[in-house]
Amino acid sequence: MTTAVRAAASEGMAGGPAARWLLPALLPTLVLVFPAASEPQVPLVFWSSSRDLWPPLENAHEGHITRDTQLASYLHRALEKGPGNVLLFLQEKLSMEDFTAYGGVFGHKQESVFSNLEKALHSAPSSLVLPSVDARAARALISHLKEKSAASPLQVEPATLRQLRPKDVLPGPLLLRLPYPPRSGLTAPREILLGSDEVIGQVMSALGSEGVPYTAILTAVRPSRVVRDLSLTSADLRRPLLGEEKAFYSLLPETPPPPPPVSYRDTESRILFWAEDFSVTHEGETRNLTALTFGAPTLNLTGSSWNSSFAQLALTYDNLFGPFLTIKLVLSSQFYPVSAQSWFTMERLEIHTNSSSVVFASPRVTAPSIYSFHCQYVISESSKEGLLQSSSGPSAWRVSFYNFQIQAFNVSDGNFAQASDCAGFFSPAICMGLVTGVVLLSSFLYGLHMILNLNTMDRFDDHIV
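The sequence shown runs -38 to -1, 1 to 427 under mature numbering (1 follows the signal peptide of the UniProt record, and there is no 0).
Quick caveat, the hints were computed from the structure, so don't treat them as lab data. Please note that a few of the clues may not be correct.
Said to hold, decoys possible - Derived lysine-lysine pairs resembling DSSO-like cross-links, with alpha carbons at most 30 angstroms apart:
#	residue 1	residue 2
1	K43	K108
2	K55	K81
3	K43	K110
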């Protein structure tokens, strides 16, 4: 697989026909081999409406890392010979493995989430792909742009792209920050990467419709995945010692602790609520409320209440979807004689704004009152069997929680109790495996029965006439 990468590097990753097939060829064949250095690396892609901006790469090989000096020379060449309109698409997290995992590299190009990026590279007269760039050098791109163009990059939010007119903000550097989810999962990385690709497509379409020349850059602040480095040098082709392993992992960036859950208190903690990712969408506009909710010192809980059988957690945000946005989680607890214990249920989730309101029923968010409730995904999309169902038919509002956990009764010491998970034991995969096992076992028993009941003739002359 690495032969294709070496061939692409020897012919040149920049300019001409090689750049037109580079990304499609790179996606299915690239297997990263990280160098011995411990610093993280991110991919970086240049493309421009001008021709012959970058020469073919020299001495390109597996494990080569583009450093600050080399990256600055590529940028200087683009600013010197190319147009002054520079667009920097800065992803929060991105690795080459994301292109392999979500690029439709196994013959399913229609499943690729990078269709607009591939289209831009195909149509660009010149492009340059750097699979491994020192993350510190990539982060310094903003400083280099400011220094070279004598102007600070203008930051544009993706939500305002529909009103963006390139001629109003150009010439000059333009910065568009693209998000990345904290964890991979059903809705996290694929949909976010697809949304980032749509942002790239919108910007490229706007530039093309107005005939604005440009140079575009796509990179990330840090990698989305940390892979253990493997050295290719003969000096390191030996079995590592335990102390070296510890030293390697000590060099990796520490994962920050998760923010604390939302806690409603009167005399003590009564309601606990937490999610790793929390977002609300209205008419195509998505707002991520994770940072505004968990660990936020100014979170407004006005309207929250609690007693032994009823609890309501009200979260109010200013200047979201209007003057304010209020989200209410309404829970109740009831004793059931059959199970001889109390169960709590999140009866509904309410969304209120200055101009509209919507109610989502959530009868399946339930657990014994002595436990907390946990579910990996709590979403309002019926097509994905979401636990939140709109009470008034199809709604323009969508709510999504990832790693959702809530407890409103029997909270002790401000900590969640043991969680009752929404995932049942008999999932579709397990049921299919059980059915397959039963069929195979039945076939085996039938064959064994036939073998054990075979009769061997001890005389053959009885059948001779």
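The hints, checked one at a time:
For the hint linking K43 to K108, the alpha-carbon distance of about 17 angstroms falls within 30 angstroms, and the restraint holds. As the CA atoms of K55 and K81 are separated by approximately 22 angstroms, the hinted pair is consistent with the 30 angstroms bound. Proposed proximity of K43 and K110 is supported: the alpha carbons are some 13 angstroms apart, at most 30 angstroms.
In summary, this structure violates none of the numbered hints.
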